[in-house]
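Chemist: Using the hints provided, position chain B relative to the given structure of chain A.
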Amino acid sequence: MNKETNIFKKIVGNQLFIPLVALLILIVFNLINDPSFFALTIQNNIYGYPVLSGSIVSIIDFGSELAILAIGMTIVTAASGGQDISVGAVIAISGSTMLRALCGTNPQPETLRTSIFVAFLVGVIAAMICGAFNGLLVAFFKIPPMVATLILYTAGRSIAAWINENRLPMIYEPKFGYIGNFIPGIPIPTPVFIAAACMLVIALLHKFTNLKLYTQAVGINEESSRLNGINPKLIKFSVFVILGVFVAVAALIKVTRISTITYSVIAKDIEMDAILAVALGGNSLSGGKYNVWASVLGAYVIQFLTTTLYKLQVRSDALPAYKAVVVIILVVISSPIVRDKFSRISKNLKSKKTENGGV
Amino acid sequence: MGKEKTIAKPLSQNKSLIKQFNMLTDTNKLLTITIIVFVVMYICAVIFEGKGFLSPQALFNILINNAALLITACGMSVVMITGGIDISVGGVVALVSMSCAVYLDYHGGNVPVSILIALGIGLAFGVFQGFLVAYLDIQPFIVTLAGMFFARGMTTIVNSEPFNVTNESFVALKDTRIEIPFIGTYNKRGIFIPAYINIGVVVALAVVVFFFIMLRWTKLGRHFYAVGGNPQSAMMLGINVKRTRFISHVISGLLAGIGGYVYFMYVGSGSPSNAQGMEMNAIASSIIGGTMLTGGVGNIIGTLFGVMTLSTIKDIVASAGLSDPWWTGITIAAMLCLFLVIQSVVISNKDRK
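Protein sequences, first through last, are from chains A and B.
Each residue of the first sequence is one higher than the last, beginning at 1 in the working numbering.
Each residue of the second sequence is one higher than the last, beginning at 1 in the working numbering.
Pulled out of the complex, with its shape left as it was, chain B reads as follows:
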């Protein structure tokens, strides 16, 4: 072990940066690209758009605004690493927020049961879609496309009018602020304003840490990579491919349920137009975060950076005066396109060798 280290060190010093980059695994390669893009973009934002981006609260605001997206994107990454895709998440988030809103407001429910409803809806979607994909071998895109339309349709069947939730204990939960000690800014009078986050961010970060550890160090986590990389050889190694696929969809459904509740806590209302296009944003953040569509490559930390990059782009677009609603959609699509092409190029380079 010690010997290897002494040999490896001078070698890596001699090699140029590009060669070192080429020696990385696909996962780390794409992760490096993502982090570089995020840092460059954030620096650009600070330079061109002023110091608003520099305060710690700006960074925390990105998390607050995107906690739900981060959670669903984690689920998406797990499915995509296993070689599938789940585009029902946006619909599930809308259905969860609408069902919880109706339960809390019209039926006078309490908060713990509403959380159970959210988890139940997510789990039900995950189990059903996972069964169809894994055990009946139907294309995941078709199944989850149907799931998306079903969830969207059900949302309007549950209630077709948007409304705000006034349940007291829920509003109290929604407005809870967690202040972070020692981090914050001084305002013009010199009074210290601590930075804050909300419960959704805590949940989202817990999900990120949990899945990062799981994908990296547990048996099931490594099975996801193996199945996504090559199902045939995974099966030869004695991995239960069907069960792994099934579990990946259950995780995605469950996280869509959790994400739905976090989204609900963020917007505090039920509406059929909730979470419009969220599945797209989740897929985009996963791809920008270096998760390969073909499976077997990806990282949850990358997904975290993917979400932050996406949100920073939106902020830049908004503050650059391109306030027309269509610019956001176009920039995200362009970004997605760019990263898809980068992935394709990185992989085809590897094939050539």
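Isolated chain A, as found in the complex:
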């Protein structure tokens, strides 16, 4: 009896429990609603290559950016106890910088000015500078993360438009499009590989560095981590810079998907999804311990939700309303006060049961 409840508690207490249950609910809902949701077909895309297609593929494909962002957001949340709401705007800045590096002042160049890799590096540097700016405000001026990042949230898209002087560069180089779509001959979308690479990098970082230990220590108690010889300011600053790198990777995927950029629309509301992924993964939004894999799973669950809503013919601009309801339900369920009340009620029920059994 005791062992059984222990196992049950372990399963329910696991961080992966909530996202897995959410995923299960979505899968069951879609099975009932329309089983063809799970169909996998091989079709020829516009270039004539056979590629995998279907809702599941598109979830894994379009979930890539979100998963990459969720990794960075989890670490930022853990160390600083707040979230970065400027990621969408920084994606615009970074993507705009990449296109500027590739095109210069000519919006529709015949040949690219530099190699794609160099342009990517430039974009990484731009995103890292934005991250460093946020980190500076948070770590050294002690401004709450969400307010500090509010600055770039407002100005970011304006800056992105300013970098390219509001031109809309188009890139016709097919190699550029391979990154965001398919490499000829490989039926799996390229962003999936990029997301996998990012996950591998973060797994290696966790394995071989003290990143996780230090960020968690700073998030749990800044003062005591300082007394133990960790520099909390440096840690907080560097997590924002690390997030910048992930944002740049997401920006690369976003830009290469369409081979151009729309300053006001690109990665719109993605910050909301990324925060939601972190919360769905069962990570505390006020910092401390974290589990990156739960966030990644959360990200794919959210993409699943988005795709499901699209299948139900929900207009894209009405989407935030539905997601907001999901967020509210999630945060209410995971709030400590509600959990306490629930456990108290269930305890009362149990004690009543045993009393009845005794009689």
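The set of hints was computed from the structure by calculation and includes no laboratory data.
There are no misleading hints in this set.
Below, computed lysine-lysine pairings styled on DSBU-like, alpha-carbon distance capped at 35 Å:
1. Lys268/A / Lys289/A
2. Lys219/B / Lys341/A
3. Lys212/A / Lys233/A
4. Lys268/A / Lys314/B
For clarity, every value in this text was computed on a predicted model and none was experimentally measured.
Modeler: Only chain B this time, still in chain A's reference frame:
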């Protein structure tokens, strides 16, 4: 009392200006900085951009253009003084204006009921968010972020196309001008043109006066400061922290509703892109007006100056030839950044002592 005065006077005369400044409370310190910045900026505007800024109507135009922002910023200041934040206001303003527009135009409604709708929407958001923040102890930023997305999404669900409202009694209300006696300018022919304001400005100024008095002299107003300054000690003093937080969010929601209607009267149309980025401007004006993000410090008069400063910056940017749309966003963000850093420095100076 009299003795104290005689002692205090020579002392303050001896001390330099900087020392006097350091003796002020945080609230007054930040308020002083704000007023100085506004005056300097306005003088710069007059010197560099010509005498257009000098006429009384220019000042009133700032109020007319920003009445809705002023009202929502007052609500924001109350929440921020209590130590929270409310970023749903822009979404609520958009939802209110769209709902009222649809009600007035498509359902042939009348004006008083539309005002009730506006107040109802604002109140509903305030009560719900306040409950989640105060009684379930969820981070205000997350709750109101969700509130913002919900309001924005609902706006497009109510109606996705922008349209102008043609309801007669509403248009009459919208175009009502209140002329101010004895203040005005003479045009080239020497005819006196009185300065005017609209109903929105009257509402906004009433809100400012009401909340200034409330925050300064009522029990509830002082509770806001106490809870924002230190919730723990506020609780020790017997203040109901949860209820105070709850009320602050209700006030912010209600003011977002009122601000939404005033905004609706200003633009006279319903559109999903209404009030884009208003939450940001409201937060920026509160911060520029000397309200601390960490709570416990702030002043409604400062918020008034914050809104005026923000608007003057926009005017200067526009008339300085930087008409590209991105410059406004960048300057506001830079301004916000500057004031956040000033606040941080002022507070860390205090800590060092």
